[in-house]
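These protein sequence lines are chains A and B, in that order. According to the numbering used here, the first sequence is numbered sequentially starting from 1. According to the numbering used here, the second sequence is numbered sequentially starting from 1.
Don't take each hint at face value.
[Said to hold, decoys possible] Short, incomplete list of chain A residues facing chain B, as computed with Cβ under 7 Å:
1. LEU111
2. ARG113
3. ILE133
4. PRO136
5. SER137
6. PHE216
7. VAL231
8. VAL237
9. ILE238
10. GLN240
11. TRP243
12. GLY249
13. ILE252
Bear in mind the hints are in silico, worked out from the structure with no lab data behind them. Here a beta-carbon is modelled for each residue, glycine too, at the ideal position from N, C-alpha and C.
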Amino acid sequence: MKQFWKSMLKSPSGVIGLIILLLAISVALFGPMLFPNSPWRMVQRPFLPPFTLSTVPLGTDALGRDVFAGMIFGARVSLLVGLVSTLVALVVGVPIGAMAGYFGGKVDDALMRFTEFFQTIPSFALAIVLVAILQPSIYSIVASIALVSWPPVARLVRGEVLSLRTREYVQAAVVTGQSNSWIILREILPNALSPVIVLASLMVATAILLESSLSFLGLGDPNLISWGYMVGAGRTVIRQAWWITVFPGVAILISVLGLNLIGEGLNDALNPRLSREGR
Amino acid sequence: MLSFVAQRVLKGVIVLLAIVVLNFFLIRLAPGDPAVVMAGEAGASDQVFVKQLREKFGLDKPLPEQLFIYVKGVVTLDLGFSFRQQAPVAKLIGERLPATLLLTLTAFAISLALGILFGTFAARFAGTFLDTAITVFALIFYAMPLFWVALMGILLFSVTMDWLPSFGYETVGANLTGLAHAVDVAKHLIMPAMTLGLFFMATYTRMTRASMLEVKRLDFVKTARAKGLSDAVIQRRHVLRNALLPVVTLAGVHSGTLIGGAVITETVFAWPGIGRLMYDALLQRDYNLLLGVFVICSAMVLVFNLITDLVYRLVDPRIEFAA
């Protein structure tokens with residue numbers, strides 16, 4: 001563990017990514033306490049340009065709502081949706097991949113065909129259709145993002161399990177008569193974890209992008225403000241008020257960039273052999 | 001070669017059928033009567049139309065029979081009727097398909113060409129300032145939400161500099177023909193295509209760079225060098241050709257993302273393709289049209305995957321087709 005943090009902190013991208021993520025998480029957790037302006041309330045005249053009033057630092061939108069407040073509250077939605085949908089995707093993908101890799105044969109065939117099928121479907125189009133049919137809400141958004149993002153997890157875990165299954169310590173566990181689930185959970189999966197962690201950090205980034213795209217199209221949760229929704233709402237007035245679209249977009253860009261950098265840092269830290277070879 | 005193609009086509013058809021079945025169940029996932037759901041948002045449809053739908057899809061019959069009727073309809077390219085637009089779904093999609101193909105293929109070509117170019121440069125000058133600059137830009141482009149790139153493009157090139165039109169396929173009412181028309185369309189195309197291509201360009205840049213650096217260290221490159229081949233020949237014929245394989249694979253994997261990106265791009269730029277059609281269907285809760293576009297998008301991805309599979313086989317020096 002100590003070794004891990006040491007190499008993580010040695011990679012510049014990992015450090016920058018961690019700083020960005022910590023910043024984003026603290027904004028999401030404590031921001032609303034420090035800036036209690038509701039993002040839905042009219043606080044000033046509409047189209048107030050940014051940097052004119054210190055109480056409304058980033059100006060107001062077409063309805064006189066505080067853009068800065070929206071960005072702070074939006075951080076909650078983006079991070080929450082990103083993390084939860086990735087977790088759900090892991091809960092679906094890891095067991096499928098583990099079973100396919102461990103049992104092999106027909107089980108593997110069936111599960112992998114199933115996975116490939118979901119991988120072929122254009123994911124964003126499927127997410128749109130699902131959210132539209134289930135009606136937009138934070139639950140339907142999380143569910144559809146998870147549903148379109150689990151296949152890579154399953155494939156990755158399958159590959160890892162496939163190579164670990166033949167190791168001697170696993171064979172030893174088989175000989176001592178351990179149950180299949182015990183072997184998978186206690187012997188194999190812990191050793192397959194590091195590439196999954198790297199993938200998961202990248203998936204959170206993709207999930208944030210997906211959520212913002214859905215909200216941009218008007219498929220966001222109508223009760224929660226999100227960055228994508230703000231950009232979508234500011235789209236029609238972009239000629240008069242650039243700031244409504246620019247700032248929330250920058251917030252998305254920075255969070256996604258941070259998570260991608262963490263992914264790279266994790267990759268360097270968890271697979272030191274691989275990253276050195278890559279140079 | 002032929003049997004390979006036949007095998008792949010067959011597999012694609014099976015997947016497509018499975019998607020159609022998925023579609024069938026998606027309609028039934030929506031709250032309410034499927035006939036009302038298919039007709040569009042409640043209140044938009046009249047009773048006669050709903051009754052027609054109920055009869056046509058046999059909604060009073062058992063589920064397997066309903067499924068059969070539905071699949072049969074889709075197979076014969078009957079994707080249903082859009083009550084909102086007062087036209088068959090297949091016709092609406094057919095009209096919009098060329099614009100989407102023009103947009104996605106242009107974006108794809110731009111992203112692939114520039115991505116390979118930048119990636120090759122970055123690998124060639126690995127560790128220098130040029131490499132760092134390319135890598136940093138690729139990272140940033142990779143993290144930008146597509147809809148935001150589109151809006152920033154409009155803000156910069158249309159609103160501020162007034163260089164390019166911000167929406168549409170051609171200048172409305174200009175009635176241009178021949179070359180003038182082509183130039184007009186190209187002017188409208190350039191910003192949407194660049195927007196859509198930017199993310200993929202970043203991906204291909206990163207992939208090409210990583211893959212070239214990896215191939216460079218392999219033994220056969222050393223052999224080529226020992227044979228006394230020039231650096232340019234080694235780079236082009238040995239390194240690049242092998243390094244491109246993962247890029248081709250990635251292009252196939254990304255075809256679905258490309259189509260999804262087209263929905264956003266076409267929405268922002270009012271590009272008259274099926275992505276925009278999907279957005280309109282979404283706004284009006286025109287589920288029949290929405291699912292129709294979804295099936296066609298999936299079919300496009302399947303065709304694209306088939307093509308990349310073939311290209312992979314052609315590019316990969318390790319696989320040779322018996323003539």
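**OP:** Could you tell me which of the numbered hints above are not met by this structure, giving the numbers in increasing order?
**Re:** 1, 2, 4, 5, 8, 10, 11
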